[in-house]
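Protein chains: 2
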Amino acid sequence: MDNVKSYVEEHKDRFVSELVDLLKIPSISADSKFKNEMITTAQAVKTELEKAGCDLVEICDTPGHPVVYGEKIIDKNLPTVLVYGHYDVQPPDPLDLWNSPPFEPVIKETALHPDGAIFARGACDDKGQMYMHVKALEYMTKTNQLPCNVKFMIEGEEEVGSKHLGWFIENNIEKLQNDVILISDTSMIAKDVPSITTGLRGLSYMEVEVTGPNRDLHSGLYGGTVGNPINILTKLISSLTDENNHITIPGFYYNVEELSAEERAKMAEAPYNEEEYKKKLDINDVYGEAGFSTLERGSIRPTLDVNGIWGGYIGEGAKTVLPSKAFAKISMRLVPNQDWQEISELFKKHFESIAPKAVTVKVNAHHGGYAYVTPIDNDAYKAASKAYEKTFGKTPIPQRSGGSIPIVSLFEKALKSKIILMGFGQDTDAIHSPNEHFGIWNYLKGIETIPYFYQNFADSQK
Amino acid sequence: MDNVKSYVEEHKDRFVSELVDLLKIPSISADSKFKNEMITTAQAVKTELEKAGCDLVEICDTPGHPVVYGEKIIDKNLPTVLVYGHYDVQPPDPLDLWNSPPFEPVIKETALHPDGAIFARGACDDKGQMYMHVKALEYMTKTNQLPCNVKFMIEGEEEVGSKHLGWFIENNIEKLQNDVILISDTSMIAKDVPSITTGLRGLSYMEVEVTGPNRDLHSGLYGGTVGNPINILTKLISSLTDENNHITIPGFYYNVEELSAEERAKMAEAPYNEEEYKKKLDINDVYGEAGFSTLERGSIRPTLDVNGIWGGYIGEGAKTVLPSKAFAKISMRLVPNQDWQEISELFKKHFESIAPKAVTVKVNAHHGGYAYVTPIDNDAYKAASKAYEKTFGKTPIPQRSGGSIPIVSLFEKALKSKIILMGFGQDTDAIHSPNEHFGIWNYLKGIETIPYFYQNFADSQK
Numbered sequence: 001m002d003n004v005k006s007y008v009e010e011h012k013d014r015f016v017s018e019l020v021d022l023l024k025i026p027s028i029s030a031d032s033k034f035k036n037e038m039i040t041t042a043q044a045v046k047t048e049l050e051k052a053g054c055d056l057v058e059i060c061d062t063p064g065h066p067v068v069y070g071e072k073i074i075d076k077n078l079p080t081v082l083v084y085g086h087y088d089v090q091p092p093d094p095l096d097l098w099n100s101p102p103f104e105p106v107i108k109e110t111a112l113h114p115d116g117a118i119f120a121r122g123a124c125d126d127k128g129q130m131y132m133h134v135k136a137l138e139y140m141t142k143t144n145q146l147p148c149n150v151k152f153m154i155e156g157e158e159e160v161g162s163k164h165l166g167w168f169i170e171n172n173i174e175k176l177q178n179d180v181i182l183i184s185d186t187s188m189i190a191k192d193v194p195s196i197t198t199g200l201r202g203l204s205y206m207e208v209e210v211t212g213p214n215r216d217l218h219s220g221l222y223g224g225t226v227g228n229p230i231n232i233l234t235k236l237i238s239s240l241t242d243e244n245n246h247i248t249i250p251g252f253y254y255n256v257e258e259l260s261a262e263e264r265a266k267m268a269e270a271p272y273n274e275e276e277y278k279k280k281l282d283i284n285d286v287y288g289e290a291g292f293s294t295l296e297r298g299s300i301r302p303t304l305d306v307n308g309i310w311g312g313y314i315g316e317g318a319k320t321v322l323p324s325k326a327f328a329k330i331s332m333r334l335v336p337n338q339d340w341q342e343i344s345e346l347f348k349k350h351f352e353s354i355a356p357k358a359v360t361v362k363v364n365a366h367h368g369g370y371a372y373v374t375p376i377d378n379d380a381y382k383a384a385s386k387a388y389e390k391t392f393g394k395t396p397i398p399q400r401s402g403g404s405i406p407i408v409s410l411f412e413k414a415l416k417s418k419i420i421l422m423g424f425g426q427d428t429d430a431i432h433s434p435n436e437h438f439g440i441w442n443y444l445k446g447i448e449t450i451p452y453f454y455q456n457f458a459d460s461q462k
Numbered sequence: 001m002d003n004v005k006s007y008v009e010e011h012k013d014r015f016v017s018e019l020v021d022l023l024k025i026p027s028i029s030a031d032s033k034f035k036n037e038m039i040t041t042a043q044a045v046k047t048e049l050e051k052a053g054c055d056l057v058e059i060c061d062t063p064g065h066p067v068v069y070g071e072k073i074i075d076k077n078l079p080t081v082l083v084y085g086h087y088d089v090q091p092p093d094p095l096d097l098w099n100s101p102p103f104e105p106v107i108k109e110t111a112l113h114p115d116g117a118i119f120a121r122g123a124c125d126d127k128g129q130m131y132m133h134v135k136a137l138e139y140m141t142k143t144n145q146l147p148c149n150v151k152f153m154i155e156g157e158e159e160v161g162s163k164h165l166g167w168f169i170e171n172n173i174e175k176l177q178n179d180v181i182l183i184s185d186t187s188m189i190a191k192d193v194p195s196i197t198t199g200l201r202g203l204s205y206m207e208v209e210v211t212g213p214n215r216d217l218h219s220g221l222y223g224g225t226v227g228n229p230i231n232i233l234t235k236l237i238s239s240l241t242d243e244n245n246h247i248t249i250p251g252f253y254y255n256v257e258e259l260s261a262e263e264r265a266k267m268a269e270a271p272y273n274e275e276e277y278k279k280k281l282d283i284n285d286v287y288g289e290a291g292f293s294t295l296e297r298g299s300i301r302p303t304l305d306v307n308g309i310w311g312g313y314i315g316e317g318a319k320t321v322l323p324s325k326a327f328a329k330i331s332m333r334l335v336p337n338q339d340w341q342e343i344s345e346l347f348k349k350h351f352e353s354i355a356p357k358a359v360t361v362k363v364n365a366h367h368g369g370y371a372y373v374t375p376i377d378n379d380a381y382k383a384a385s386k387a388y389e390k391t392f393g394k395t396p397i398p399q400r401s402g403g404s405i406p407i408v409s410l411f412e413k414a415l416k417s418k419i420i421l422m423g424f425g426q427d428t429d430a431i432h433s434p435n436e437h438f439g440i441w442n443y444l445k446g447i448e449t450i451p452y453f454y455q456n457f458a459d460s461q462k
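Residue numbers (the UniProt record's numbering), protein chains in the order written: chain A, 1 to 462; chain B, 1 to 462.
No wet-lab data here; the hints were simulated from the structure. This one's a predicted model, so the numbers in the text were calculated from it and none came from an experiment. Don't take each hint at face value.
Put simply, identical chains are the same to the list, so a pair is met inside one copy or across any two.
[Unchecked claim] Derived lysine to any residue pairs resembling SDA-like cross-links, with alpha carbons at most 20 Å apart:
hint, residue 1, residue 2
1, Lys-382, Glu-412
2, Lys-394, Ser-17
3, Lys-357, Ser-238
4, Lys-279, Lys-416
5, Lys-51, Asp-13
6, Lys-142, Thr-62
7, Lys-142, Phe-103
8, Lys-191, Glu-243
9, Lys-175, His-246
10, Lys-163, Phe-103
11, Lys-357, Glu-276
12, Lys-46, Val-16
13, Lys-462, Ser-239
14, Lys-362, Leu-281
15, Lys-390, Leu-281
16, Lys-416, Thr-110
17, Lys-348, Gly-317
18, Lys-12, Lys-416
19, Lys-142, Lys-348
20, Lys-280, Asn-3
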């Protein structure tokens, strides 16, 4: 693989422009208005996989958005790497906070990215990180250095909880057989502090609807007489956490994994500066569960966040309305041993039970997933670690992320293989936020590093 | 005035169609997009006042939307009635809950309105009730029975707190001199239970903005580490009322007028059926401040209602965002002796003081007004009461309303005259709600009743 650096150097402009083309397609899986764009994006990924050297690529229908499957099998006796990624993106709103339109990619230099970063929804999450694998495959095939078999499973529903990927896997167990699953949908600590994600939080995403009177009312004539669904919704939500920001849902903490003192001490060694952290976010203070450090609250502890709330008059000026309904989207990040379906049930039962008689409450589950922790003593992890050593000149730090890839735990259960999370993005990439971007340096570094993983892993299986 | 019934009967179709024409103009004062429609509406009102017999009508500019002033002075020595009303309307949203477009009036029969009701934004509040006075003037001038002078002050900013009416009055004290102010912007108990509104609540309307991190964040990577502005907003709002739904803002109740046992007993005599009340609104229970009846909570007690709340992702599906900002519109209904400016200050001070360091809070006042109570032992009230006796065959019940007409208390202060609130609408008219309507029977009954007030009042001043 020793000419990978020069190959990347030689082709980098095309690598970037091919990604820019993909980023122009608004593949927003959460919004049914973009159904056609989802298909167009899947077709674009198919074409790129073929160009990169796959012998077989298919767009596989599911009850939801299609999965793009690709493979290059060079020798049944060699190990197989399954690459997972997703071509769908988060909704871009609030649009007014973007400095350039989310689906018109622009390249700009930033303090962190002197070589430029691509600004667009999906630049990092996950079109950019997914394309690193496609380009890495191109390098290995064009230079006849692919040391093992490779399969790609690129889905279109990750941002809406991989609704139908479980169904797809169940129906393609044979086809998806592999020795290790490789995913780039996480971040690393810094350009000079490479890290491998060894843990992900689980997720339970709920939506609640509170209904009071059967129509919007005049807040003067009715104010004080009937339950205002917004007032009551704020009481219900606020009661879900206590004064120490512990979650009050009965049974919520029942299975929560408690880390040992050593494990917590080891975590505390990761480079982190709270003053810088606050400065970057313009906040006067951090906030969260009492008794845990910021790093711990963001990775090994479960959380409850309102992701959206709405009700009543939200336009310009004033309207003295007492609304009929109020809504909220509420998600909980979960840790190992918490069963997301059980948590969703506990949430529903609790939320319905605390609502006063004056309103009716509807609680629906959007989606969820289990937390995941990967061991660091197996061949796959070692292969990844050595790959970073080669290209970064440093041993990567194993790090547990606060994010979730709900489907990861299912991979392990259904496909019986370990998952390696090699992320090349950074926390500052503003994924899920306005002005999402991906450093060109990071993109190219990923393309350069991935082939070494293939080599190390293939060698380890001989 | 004895031919008023037949005059109304003869001209009712035109009276209705003239109102329908006015209702077609979307005069939404809260939304600057409708600035031109406001002017068009003012011009339409001017034309109708001229047709009704005013000798002088002018559209008076203010720093905001214009005021339509009209007068017919028949004899300087006779008393003068000043009619106040407004031509602006509430925003119509949520639009999807209207059965017909808010500015395309339709006439439909309902259980309560066998003679039909006009469905449109502003049908009752206040274009319909304001037009009753224009048509009543037409009757009195066309039949040479106008017993006194009349002035009209029809403003365009009532639904946004009469922002500039104070300014207009200060600058036109002479012109607006009168012996009584007549307003139809309230409701009566029922068609067979006429009532006169003797009290209005005050209002303080605030808007709050809670800011956490400087950008929307990924709720996985940051969930648990920083203050989520929505979670915190729900805690702040929920803390504004305690478990008995008493408002917790320090000093809030300081000046609240406490009614005597007799007064409360008298109130309790008003016809009211809680089961019917709940049935009409499809609620299992009423809700509000402990220790007071529903009627009391809706009229003589102050309240705090969230009129709108928004933040984060409110689109279809799920977005795992930890938003940068969350907002709410919060209004308080006030009772006699509460100073709305002082209450707004107390709210601001308190809300800012309870916010945790993890967020910054902005609190702005939209508008407000004082509560008002009118005595029932003066000539004006007696003249109104006798007018109802004549046309309804029943003595009207004096009733305190929960609504507010912020400007009313200013009228008394600035113009030194009493205000009579002769409302012909009903609580079921859905003012400020989708499908606002005004019964044609109510509209015509108002036109029929008003001239008797003029006669009774003029006689009482001889």
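**Request:** May I ask which of the numbered hints given earlier this structure violates, with the numbers listed in increasing order?
**Result:** 2, 4, 6, 7, 8, 9, 10, 13, 15, 16, 18, 19, 20
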